[in-house]
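Below are the chains, spelled out letter by letter.
Protein chains: 2
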Amino acid sequence: MNFEERIRCNIIKNKVMSAEEAALLIKDGMTIGTSGFVTGGPKAVPLAIAERYKNEKIKLNLYTGAIVGDELDGAFAREGLVNKRIPYQTNKDMRNAINNGSVKFIDMHLSHMPQQIRYGFLGKIDIAIIEATAITEDGGIIPTMSVGNSPTFVNMADKVIVEINTSQPIELEGMHDIYEPKDPPYREPIPISKVSDRIGVPYIPCNPDKIAAVVFSDMKDTTLQLTSINETSKKISDYLIDFLQTEIKHGRLPKTFLPLQSGIGNVANAVLGGFIELKYNNLNLYSEVIQDAVLDLIDADKVEKVSGTALTLSEEGLKRFYTNINKYKEKIILRPQEISNNPEIIRRLGVISINTAIEVDIYGNVNSTHILGTKMMNGIGGSADFTRNAYISIFATPSTAKDDNISCIVPMVSHVDHTEHDVMVVVTEQGLADLRGLSPKERAIAIIKNCAHPDYKDVLMEYYERAIKKHGAVQTPNLLDEAFLWHTRYSNTGSMKI
Amino acid sequence: MNFEERIRCNIIKNKVMSAEEAALLIKDGMTIGTSGFVTGGPKAVPLAIAERYKNEKIKLNLYTGAIVGDELDGAFAREGLVNKRIPYQTNKDMRNAINNGSVKFIDMHLSHMPQQIRYGFLGKIDIAIIEATAITEDGGIIPTMSVGNSPTFVNMADKVIVEINTSQPIELEGMHDIYEPKDPPYREPIPISKVSDRIGVPYIPCNPDKIAAVVFSDMKDTTLQLTSINETSKKISDYLIDFLQTEIKHGRLPKTFLPLQSGIGNVANAVLGGFIELKYNNLNLYSEVIQDAVLDLIDADKVEKVSGTALTLSEEGLKRFYTNINKYKEKIILRPQEISNNPEIIRRLGVISINTAIEVDIYGNVNSTHILGTKMMNGIGGSADFTRNAYISIFATPSTAKDDNISCIVPMVSHVDHTEHDVMVVVTEQGLADLRGLSPKERAIAIIKNCAHPDYKDVLMEYYERAIKKHGAVQTPNLLDEAFLWHTRYSNTGSMKI
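Same order as they appear, the protein sequences are chains A and B.
Letter by letter, the first sequence follows residues 15 to 512 of our numbering.
Letter by letter, the second sequence follows residues 15 to 512 of our numbering.
Treat the hints as calculated values from the structure; they're not laboratory data.
Some hints could be false.
A pair counts as met if it fits within one copy or between any two copies, since identical chains are not told apart.
Stated by the list, open to error - Under the rule of at most 25 Å between Cα atoms (straight-line distance), these lysine-lysine pairs were calculated in the DSS-like manner:
hint	residue 1	residue 2
1	LYS98	LYS484
2	LYS138	LYS263
3	LYS118	LYS483
4	LYS263	LYS196
5	LYS208	LYS196
6	LYS71	LYS249
7	LYS416	LYS106
8	LYS511	LYS484
9	LYS173	LYS463
10	LYS389	LYS511
11	LYS471	LYS511
12	LYS511	LYS463
13	LYS27	LYS269
14	LYS68	LYS208
15	LYS463	LYS389
16	LYS234	LYS389
17	LYS484	LYS118
Required output: the full structure, derived from the provided sequences and hints.
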């Protein structure tokens, strides 16, 4: 490790200390803003904080980009250190703490968070803890594998702890593009008109006086486990690609294609992977996370440019990335989540969004967050930032879950994260429903017919028909007294089936 | 009437005909796009179409800006001429036709519609029917009291029928600012950084060859009936103004204030009227509709600039407007609804949005469209364009309706138009709940305590507590099997009360 290369700013060289020493900067009641968007969260410092305060049970507000590792969410949750948690999580212990009421979780649109912090709506940020590749001559912080909310946390925090991760290659420098919009009434147009546009600087600007501690670590990010593409994902991907090609044929989508966004997880990765079969050689991605399938597309020379806020690769993907880092770096721009998820840019570029759902109802409302209408799964993340502003908004889900005991197509979703006004296409392994320009009753027929699993198709149609029998052909026929009968049945019997 | 002043383009002077003759251009199965956003819709031509085809029962798709007059929605609905209707309506006969299934109604975000038309998602526009003040030398159409979707209808239609309304003063010319964004991948930033920025031309560009007919009419718009400000509206307005002033005091809102948006109707008008008591003399409005209260604010010299897509004045307001048209014109810009409601601009300017709700639930979800989860009221309109992108998003509603037999605060809304992720403030005549940075359980307490009517407060709290008893303190405690019990009770007994 070349120390001079990792800390280039002389006046902070004497701020290097152990994680245990840095942890002492944390006090009860503080709000901590950390780097981390699946990857790139701090690790050594959080572990030291959890260890230091485990018996004192201090309470902290924990704000991040999105998902952070078990060293942070897990360790903090297990020691009961968290009062408020914003904006997204997937950690088992954190999720349990949220659903037993010990942690207050605010489930926010990812693009909303940084501006609401600057506006003062989420309180003061006391300390930012940011994983870095290196620190520049002027105190600028070069992020690692994600950007997330780090620029805003650094900007707004009283003090900054930088965790330099020496397991991350110095070649990451130059991949990031950091730009923070001004606040109203002084905000100007964000000058991105092409995915490839760079508008900022390759580091997070930071007054070196604010850097209170620099900690060295070499802990690796937990990588995502990608399962091999299964039949369900493959079918979804095939339906989707067929649909998009038909759109081009009918002139409803430019022949040059438009930038893609694809959510996190195996289904999304598989869907994106399917694009390798297309004849397009200049795909652009304007997305949130960049998964393994993107490396495949780059390797197949199908990609012009990829913009996201985080690289979220599997163990194997990470190895590929490091081996050919300069080749991939040329194609990839990592931006703050305020920019990667910005409605202004998403609508301007005409992004095609592909996100997954927990359940979809027959009228096209989508639940992305709540199990049986009550328990938090992960959060809405950036799905709505993209969906509402997409050129075409797509939701993909298997038609069933838990050995067909759950139908992902239901009479009424038990929680609404995306309204009927926002969802253009629903696709399952059964087929695809194109909802554009359809009234609710037309949508119901399309979704039941094309997307529902055979085990549930007739029962859904029967619900719809009985609702019309009761209320007449109103705008949205529903039976309010049995809208959630499937959910309560599942709670009681372990299956939505009668 | 000065004919030369109203039609300045020589080659279309011979296209002047009667409404009855123009009506013959309409054929079965056509899609018609008309001007009209509360005001400014065509009147003579639609009446002639309804009369001409009343016995033939042809079917047309009717696309408008938003609300249109009874001459269009009412006449067409009564004669059964409508197949598909997009995107918003308030006409009694049209609403009945929608809720008996004879009209397919697509309830869309108003900012989505023009781009979806250009993208080809809503089919081809055969004929545009546009009310105009005059036609310029090059065929440019000068709108009347609203802009709505007219630029896109004119752009995309095969033929255009212009209905020149001579009851509208020629002085309207110069008030409009017409700009249509390019489509992806060629769209550029929309260059509005201040409410006062003009970015287009004062007429709708139109190839004169496309103008198939010019019809003269002098029919007046149906004006809105504004009731005098009642105690409920006054209290809501007082709570809101107090809240906004406190925000300024705490530095969470700039001292110079930010642009306001206020929805349509009496409550919204009353709330806006309350701003006359503030000491600010440079208010800006970046809104959809411009109601009477805005004239009051202009007269009191409180306003810097007002931008909207429609002037929607009462009979009395309209008289005031005409009497001092040049004074008001200086302050007002009318834009296409794609621009007035554009997320990019709303977020950039930091608009404070104030919209009304049919019902709000204890977790902050809002129903803006459906009565008892099934029947269409009016539509979502632009409320979500503003809400999702607002600096502060506010929903105002009386705490009860129908002589307190309906609680507008319910355990679970029967239809979701604005999700918990989007709603920052709820205000009723009982008080105001500031939901920013609150978890769902904190929100429930705030809404029940501050906003619910005394008749329903205890029952709401009891629902919330029983949900926790059943599921534990999960993220969002709900009782799915009785979430809509209040709604079904109202259906059965005429009251939500036990």
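Numbers of the earlier hints that this structure fails to satisfy, in rising order: 6, 9, 13, 14, 16
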